[in-house]
Amino acid sequence: METIKSGIWFYIVKKLALVIPVWLGISAAAFLLGVISPSDPAVLLLSMDGISTPGAQEIAAKRHELGLDRPYILQYLAWLGQVLQGNLGISYITQQPVLDELLLRLPVTVTLAGISLLLVMLVGIPLGVLMAWGKNTGSDFVLRAAALAGTSLPSFWLSILMIWLFAETLQLLPTSGYGSVSQLILPAITLAAGTTGALMRLQRATLLEVLEQNFIFAAKAKGLPGSRIIWRHGLPNALIPVVTLLGNYFGGVLGGSAVIESIYSLPGLGSYVLEAIRGRDYPVIQGYVLFTGCVFVVFNLLVDLVYLGLNPRIRLGGK
Amino acid sequence: MAAINKASIVYRLAAVILLLLVASAVLAPVIAPYDPNRVMPDETLQPCSIRHWLGTDSLGRDVLSRLLYGAQVSIGFAVLAALCTTLLGVSLGIIGGYFGGVTDLLLQLLVNIFQGLPGMSLMIAIAGSLGPGSASLLLAVTLTSWAGFSRIVRGEVLKIKEESYIEGIRSLGGSDAYILRRYILPNLFNSLIILFTIRVGTVVLSVASLSFLGLGMQPPQADWGVMIQDAKVYFRSYPQLLIAPGLCILALCGSIQLVGDALRDRFSIRQSTQKQDW
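As you go down the protein sequences, you meet chains A and B in turn.
Note that this note's numbering has the first sequence beginning at 1, numbered continuously upward.
Note that this note's numbering has the second sequence beginning at 1, numbered continuously upward.
Mixed in with the good hints there might be a few duds.
Result set (DMTMM-like, lysine to aspartate or glutamate): computed pairs, CA atoms no more than 20 Å apart in a straight line [said to hold, decoys possible]:
(1) B:Lys-161 - B:Asp-104
(2) A:Lys-135 - A:Glu-212
(3) B:Lys-159 - B:Asp-176
(4) B:Lys-159 - B:Asp-104
(5) B:Lys-161 - B:Asp-176
(6) A:Lys-62 - A:Asp-40
(7) A:Lys-135 - B:Asp-176
(8) A:Lys-15 - A:Glu-212
(9) A:Lys-15 - B:Asp-104
(10) A:Lys-14 - B:Asp-176
(11) B:Lys-232 - A:Glu-168
(12) A:Lys-222 - A:Glu-212
Computed footprint of chain A on chain B; a stretch qualifies when at least three of its residues, placed anywhere within it, have a C-beta under 8 Å from a C-beta of chain A [claimed, not checked]:
(13) 53-66
(14) 161-168
(15) 181-194
To be clear, the hints were calculated from the coordinates, so they are not data collected in a lab.
The beta-carbon is built from N, C-alpha and C at its ideal position, and this holds for glycine as well.
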């Protein structure tokens with residue numbers, strides 16, 4: 001028992017320890033975005049009203065005031081210090097603290113990502129099992145084509161067609177906006193399409209692989225019915241790559257939601273950063289990278305914990 | 001047996017489609033009936049006709065010509081970006097995997113950092129911060145995708161390095177450079193071709209998304225994502241404006257995935273004995 005526990009704790013501590021450098025790296029990436037940007041924040045701030053064209057002296061004074069004349073490393077450390085105190089800066093455009101605005105918009109994106117992730121699992125896993133079960137039958141053929149299309153279609157194209165079909169022609173669902181669940185159905189489906197396709201393909205392949213193994217033959221020899229073999233013995237063993245895929249794709253879902261949010265006019269993180277990009281609002285862009293990076297890190301930690309539950313080899317402290 | 005034949009027909013079909021798309025991209029200047037950016041004010045929003053096979057868009061530009069040049073833009077850029085990603089990822093993966101030690105530790109940390117970043121979000125932020133243009137797009141795509149390559153290559157190198165024949169060559173006096181060039185790289189080649197092929201498809205999709213958001217290829221550039229953005233307003237009356245570029249992306253990405261799968265089977269990269277269906 002002792003070794004089992006220490007194995008788990010070693011694994012968890014290792015994963016937690018890795019969070020710190022990853023988080024520092026994310027913060028450095030966010031900071032560097034401001035450095036590589038071609039616009040000078042001092043000029044941006046001084047010409048925000050759209051009338052004044054600041055002189056060289058004015059710009060130099062503002063740069064000094066903002067600390068932009070210091071070496072980058074000092075600027076980074078100062079910025080990091082502020083970030084650690086929960087200060088992500090003030091938006092150039094709205095003059096509101098960036099963190100407040102991000103927190104205001106977070107629920108929209110999280111709800112959207114959550115619903116679509118749920119859709120991905122509820123549709124992708126059963127259909128993948130169905131495909132493996134009926135390998136090379138008509139339904140397998142159709143589902144494989146659908147999965148391939150799901151992974152190959154651009155989400156924005158699908159969105160436009162879905163809005164046209166379900167909202168404009170059939171008038172079943174609202175075209176855009178935020179407030180009710182029905183307004184999230186179309187966005188969530190479009191956001192889920194690509195990942196669902198990938199998950200179906202992976203689930204089919206891994207399950208077929210597991211079904212080739214000796215313990216499945218043993219189960220068959222014991223006379224267990226096919227459905228029980230698949231659900232009790234096949235699927236649990238075929239779920240580990242699926243969890244990895246979901247973890248990897250969450251990053252895609254976070255970013256992909258920017259496309260979806262802009263099409264369906266949802267006031268989430270993605271549409272916020274797109275507005276900020278149009279307005280050259282760098283504190284917001286940096287805050288967005290830092291923020292989504294943190295959400296992603298936390299999600300990946302959760303995925304690792306799920307792993308722990310699913311994979312006895314890690315749970316028992318093996319390799 | 002029938003099933004295997006059916007699968008290989010699908011793979012062959014995918015390869016043919018992919019070849020056709022690449023050929024039309026390369027030959028666009030020869031086969032396109034019009035200049036993709038030639039505005040014909042008297043012929044806006046034409047339906048399909050002999051003169052314009054796929055009609056014209058709201059500015060009177062020939063849709064077929066724009067699709068052909070769009071293939072050039074999409075495929076050309078995706079190949080370039082996938083090359084950059086592969087080069088960066090492979091070099092760092094080999095360095096880390098082969099030489100090990102502190103270098104490997106630091107590179108592993110870097111890989112972990114970049115894999116901890118949500119790719120598409122960072123891509124949007126980089127392309128948006130740098131301002132539109134192919135260079136910033138290239139940087140955004142490469143920076144957000146090399147880490148996965150590096151991780152896979154490092155793992156492969158570690159595996160190959162442990163083989164006893166490598167130890168034998170080393171004891172016979174083979175230098176690192178010799179072993180890398182003569183044994184490690186050729187052993188990696190098959191997996192790299194597959195990773196590269198699949199990467200091209202992913203880049204096409206992400207660049208199309210960025211272009212659609214106004215952060216990628218810029219109008220009036222004949223790009224599929226830009227074309228879909230342009231068609232958003234008109235497609236109810238002129239659906240071909242929207243359908244055609246969408247189907248092109250579908251055909252390109254779908255065929256790339258299938259060809260990638262076929263290559264994987266051919267090179268038997270999969271560990272299992274199970275032959276993967278398409």
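Taking the hints in turn, this is what the structure says about them:
no. : hint                  : verdict
1   : B:Lys-161 - B:Asp-104 : holds (14 Å)
2   : A:Lys-135 - A:Glu-212 : holds (13 Å)
3   : B:Lys-159 - B:Asp-176 : holds (16 Å)
4   : B:Lys-159 - B:Asp-104 : holds (15 Å)
5   : B:Lys-161 - B:Asp-176 : holds (11 Å)
6   : A:Lys-62 - A:Asp-40   : holds (11 Å)
7   : A:Lys-135 - B:Asp-176 : violated (47 Å)
8   : A:Lys-15 - A:Glu-212  : violated (33 Å)
9   : A:Lys-15 - B:Asp-104  : holds (18 Å)
10  : A:Lys-14 - B:Asp-176  : violated (32 Å)
11  : B:Lys-232 - A:Glu-168 : holds (14 Å)
12  : A:Lys-222 - A:Glu-212 : holds (16 Å)
13  : 53-66                 : violated (count 0)
14  : 161-168               : violated (count 0)
15  : 181-194               : violated (count 0)
Checked against the numbered hints listed earlier, the structure breaks hints 7, 8, 10, 13, 14 and 15; every other hint is satisfied.
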